[in-house]
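Based on these hints, arrange chain F on the given structure of chain C.
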Amino acid sequence: MTLNLKRLLYRFASVKYTLVFMALAMILVLIGTLAQVQLGTYEAQKKYFDSWWVFTGVGQWDIPVFPGGLTIGLAWLLNLIVSFITRFRPVRKDMGIFISHAGLILLLLGQFLTQLLAKESQMPLRVGETGHYSQDFRSMELVLVDTSDPKQDQITSVSDKRLMRGGEIQPPGLPFSIVVHRFYRNAELSMKGEGGERIATQGIGPNISVQARLPVSTDEESNNVTAFIEIKEGSKSRGIWLVAAGLGAPQSATVNGVTYELYIRPQRYYYPFTLTLRKFTHELYPGTNIPKNFASLVHLSHPAKNESRETLIYMNNPLRYEGKTFYQASFGENDTLSVLQVVDNPAAITPYLSVILVSLGLLIQFLFHLMAFVRKSA
Amino acid sequence: MGFYYNQRVQRPLFILCLFLLASCKRDSAVQSYRVAKESPSDASMSMPLLAPVSEQTELPPGHPPIDSMTMPPSPASNTLRAPGIHWTVPAGWKQQPPSSMRVGSFLIPGKNGKQADMSIIPLAGEAGSDLENVNRWRGQLGLEPTSPAVFAQQSESIKPGGNSMLLVEFANQNKRMLAAICRRDQRAWFFKMMGDDATVAAAKPAFLNFLSSVRFTASPS
Chain C
1 MTLNLKRLLY RFASVKYTLV FMALAMILVL IGTLAQVQLG TYEAQKKYFD
51 SWWVFTGVGQ WDIPVFPGGL TIGLAWLLNL IVSFITRFRP VRKDMGIFIS
101 HAGLILLLLG QFLTQLLAKE SQMPLRVGET GHYSQDFRSM ELVLVDTSDP
151 KQDQITSVSD KRLMRGGEIQ PPGLPFSIVV HRFYRNAELS MKGEGGERIA
201 TQGIGPNISV QARLPVSTDE ESNNVTAFIE IKEGSKSRGI WLVAAGLGAP
251 QSATVNGVTY ELYIRPQRYY YPFTLTLRKF THELYPGTNI PKNFASLVHL
301 SHPAKNESRE TLIYMNNPLR YEGKTFYQAS FGENDTLSVL QVVDNPAAIT
351 PYLSVILVSL GLLIQFLFHL MAFVRKSA
Chain F
1 MGFYYNQRVQ RPLFILCLFL LASCKRDSAV QSYRVAKESP SDASMSMPLL
51 APVSEQTELP PGHPPIDSMT MPPSPASNTL RAPGIHWTVP AGWKQQPPSS
101 MRVGSFLIPG KNGKQADMSI IPLAGEAGSD LENVNRWRGQ LGLEPTSPAV
151 FAQQSESIKP GGNSMLLVEF ANQNKRMLAA ICRRDQRAWF FKMMGDDATV
201 AAAKPAFLNF LSSVRFTASP S
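Protein chains in written order, with this note's numbering: chain C, 1 to 378; chain F, 1 to 221.
Since the hints were made in silico from the structure, they are not lab data.
Check before you lean on any hint, since a few could be wrong.
[Unchecked claim] Examples of chain C residues lying across from chain F (beta carbon under 10 Å, computed): (1) P150; (2) K151; (3) D153; (4) E188; (5) G246; (6) R268.
[Said to hold, decoys possible] Chain F residues, not near chain C, derived (Cβ > 12 Å throughout): (7) G84; (8) Q115; (9) E132; (10) N133; (11) N135; (12) Q140; (13) L141; (14) L143; (15) S147; (16) Q154; (17) F170; (18) Q173; (19) R184.
[To be verified] From the structure, some residues in chain C lie toward chain F, with a derived Cβ separation under 10 Å: (20) Y133; (21) G203; (22) A245.
These numbers come from a predicted model, not from an experiment.
The beta-carbon is built from N, C-alpha and C at its ideal position, and this holds for glycine as well.
Just chain C, same shape as in the assembly (with noise of 0.2 Å):
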């Protein structure tokens, strides 16, 4: 390594970027915060913490104008892990700093890795329901089904982000190619004549005009993610169908034969398990309206591992299965329908592991100075 570099490690290990990432950190979560108000939850989340760089719109330019939370999220990660590397040595004195400092490593790489990773879906079940799959309403797939087979679906599928790049898609196994000539991430629909794109060929498309809209960010609403898509068998066509998530009911195309089914749904996750809702509870408290809890019974069942149990879910109980934790989120339909939260985090157990590591660290050099403290007066 070059004495370059060494020193420029050196420099970057200093305390002052931790203390200007730190200051960067409170900067964003302040207009990240009020930014709520006018965004809602989701699309400031989106927008100031799980992303490189907050853009603003001046003209028809997006301009990156201060440091996302990914950004100075690694770059704190980095600082500490440099300092950790060129400043610490692992002599007794300074061990109880030498675990605070990769506890804080830890929190930090657990929540990057926590942005990273993190899916978060609902299952909504109705009193009866089995669901063996969850639903992101914020990110849409568009799939092609085969539904030849009697017993099964063969599903492709192609998430939104995909077809947002744009080109010539081969989904494998599949005798064609998508072609996607347009992507909307919202947009109106309306009869044919009234102006917008159309360019479909084939399914209920060519009836439909399509305008372009501005991505909704409230919580309240969603998207109607659109897109123009062209079927190639090789060089040849088979024609553009029109699909969006407002249209719902599939159309088909058929190519060599077989008929497949496309639509755009929201992102679904398959679980080879099962979650059968038995029965849910909303109890109040006595001559209130007020909650006293909410509980779901529901039946597990995975045959691959010849398991069949009932549990309950409820506020703060939630249950964890095969590295998902299912919530009691929300409810409705006169009680007779209750929806899970499904949180699927690979990184979820870090924060606790640092805050271990953290408090321990904390104790070890408390008791370090403590002892020499007695040791110094006696």
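Same frame as chain C, but now just chain F:
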């Protein structure tokens, strides 16, 4: 010092890079998998429309808010079956309990609290001529009956999903009606959407797509 320094810096950074690479793999853009076919008793594919919790009940002190953030509205679909027919419900349509006449019933929410009602009613036999039915519906909107000549001009023959249907649309100052009549197997099927003018107009693409999702199975007994 240089060597020592080098090793100690590189290893954690290498591990961090591995973590980042692993994270890229999780969000696969194109996937292919097989799943068991869904049965009607499976969990709903649609996110039900819920009133905000604050409208339902109060929360206990200290309880985290259960708001629409955990319940974003859904653009999902829902496949349902009634005797002799099945269909897929467009996003946002709220299913209502069927009545004695209706095998399917939906509420279509519009802007500013406006809404429209959608019904699916099968009737045995001819169930009146198309013109008679349309004039009866026009009466529901306070419109004058139309003549056979005007009716022939204003109605449209469509074939969504391979089923021949007659599509009609008319409106008064506030309300609009969109209806399709399908006659098959000695039975007339009426698909009728009525309600706030703008709501019905905006729901027309979804209505047509709904019609194209309709599949007739064996006739109901």
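Hint numbers the structure violates, sorted upward?
none
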